[in-house]
Amino acid sequence: MSEPVAAGKRRSLFARLNLRERIRDRDQAVYGVLLLVALVFPWADYFVTGSTSDVSKAAHAGTWVLLAIGLNVVVGFAGLLDLGYAAFFAIGAYTYALFASAQLASSPLHHQYHIPFWIMIFVGMLVAASFGAILGFPTLRLRGDYLAIVTLGFGEIVPQLSFNLSQWTGGINAIGGIDQPWLPFWITGPWAGANSIATIQNFTCRVSWSQQLFPCYAFSFDPVAYYVLIVILIIGAVILVSNLYRSRIGRAWMAIREDEVAAAAMGINTVTTKLLAFSIGASFSGFAGAYYGASIGLVSPDSFFFVVSITVLVMVVLGGMGNISGVIVGALVIYYILYSFLPAMPPFVENLANNLGLSSLDHVNGNWPGLASATQRLNFLIFGLILVLVMLLRPQGLFPSRVREQELKHAAVQEEETVVEQAQAV
Amino acid sequence: MSQQPPKAEAKPDNILELTHLTKRFGGLVAVDDVSLNIKRGEVFALIGPNGAGKTTLFNNVTGLFTPTSGRVVFDGRDITGSRPHEVAKLGIARTFQNIRLFDFMTSLDNVRVGRHVRMKANLFDSLFKLPRERQEEERVTKEAMDLLRFVGIQKQAHQYARNLPYGQQRRLEIARALATDPKLLLLDEPAAGFTPQEKVELMQLVKKILTRGVTVFLIEHDMKVVMGISGRIVVLDHGEKIAEGPPEEVRNDVRVIEAYLGKSA
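Chains as they are written, first to last, in this note's numbering: chain A, 1 to 426; chain B, 1 to 265.
There's no promise every hint is true.
Cut-off 20 Å, straight-line C-alpha distance, at most; resulting in silico cross-link-like pairs (SDA-like, lysine to any residue) [to be verified]: (1) B/Lys129 - A/Ile232; (2) B/Lys120 - B/Asp181; (3) B/Lys120 - A/Ile232; (4) B/Lys120 - A/Thr272; (5) B/Lys39 - B/Thr66; (6) B/Lys129 - A/Val271; (7) B/Lys129 - A/Ser107.
The set of hints was computed from the structure by calculation and includes no laboratory data.
The model shown is predicted, which means the values in this text are computed figures rather than measured ones.
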């Protein structure tokens, strides 16, 4: 009797995924491709190159993706220019490093802590968020440019502090021997790829009590495990941030970005809303920092200079401010250029010259430093040119944010006829 | 904000009372000792030549400016010097003389931003998209669509605000203001730049707004609109109140004619 219900029941799981519509929505298509690439990449890389060094690079790139997702909340959603983003990254990394290494044994505390990764990563997040709130509270009343200057200053202060508070942070000697992260065994087991078969029998965790709770897998130096971990963290971050984006808070951020006076007149408390954006951005940075400390195993002040803040900002702008999927692509592209493309340039140019029979260019000759080092010197010029070119071709970024038709679909259903009219009008 | 429950009886007749309101900018007195009362449910118009201080007065009411002296009492509560978002939460919404929409947000989102202050979802609800947050979003989306329909631009719901034609932008601003559930709506020159036809539609819209139980306080230059819809009028010149009363009375007031046309020699 009730045919529609029966039809509804018959809709398969596949049909409910709405694949066709999702592909048509550009953002979802980008997410889909990213996810697919993320899943296939380790295997493909292993079969093609026979090593997992690229996977290790990809895991490192993931840190930058996390950073870019977080900065996008501050810059892209709320329109606040934060030039000291690396400071929160440092705070997260040091928080993890201090409480998950032997470092504090040589500090005035004389006791070392080894708090598990999954606790510390959230502690790092909270600590960074609190610093964001402390910094933001007095400064967010100021207009944009002043905020940029204050954050710039903060971004310089934090690495300097980590240099100078050497009693605690080890200063220039950095903090080494940081505990590795771990994943529950059930996640690591079947995925762990190339090196896993050998190491997988080695179920040890540095923290003995957690070993009793969950059988877990010590990372040692398996890049695939780090890769799986960062992909999980990124997926979590993307889900949380896009939820926020599509909530009243996300709309309030955008309203402030568009017109602060009008936003206030609509009942939005601009100071606390901006503070929230700033703290959430900082918390992602702290989160990424804790992961970074755990994955590199070494935290030193010079990994948190101004360049880091600017690089993340470039990733956000180039990817498409305000659009999460765009920002991820932006981060990956910039990472690739900085860490793979540019380093590969000098040998590539050298080879090219050899093949063209111009090998004389390769040698040092008077003022000529040799082709390879000449290219090396031009690295940042090339980087700059690439950036200029991309911004000329796509001034809004690679994947700028667009009208959010997708989430409005349920509202659109009742308005379907009007949408059709509109389409006809166009 | 928790509401005091037995307030219903104690509701004052005047929804807005300005007493001796003065705003100085350095040596310039933009609003000079203005007192006026707006009754619940009426359309009250504020007119005056350019630079008379009309918008400044609005800004003092909505918290964008803090009055130099005098008091602003809204619905029996002193709101002098409150911040804009607090004022909005208490129930005063406004539109702007030069339209201030959120340009790169859709019409629907503009209205939903207006709803922000009446929504309850907190950070945790939003982060994890808890069921109650979803329900609230759905409800708010529906309410926002209703408001767009109310002002007659539901077809433009998914367009960027800045892509709307001028008249629709004005309407959208009204819809956005209404979304905050105001008791008092401040319209700053809502008919500016309108065709006669659009002005008629605007007057109809204002009348419709009144039926929602919203008091309207408007600044307007167009005398046809002012005379057509407002119950009482206050005339401001050089920051001073020079006349007050029903439209016919004000129209024939000597000082008002002087203010607009200059003194006859």
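Inset, instruction - Just pull the numbers of the violated hints for me, sorted ascending. - result: 3, 5, 6 and 7
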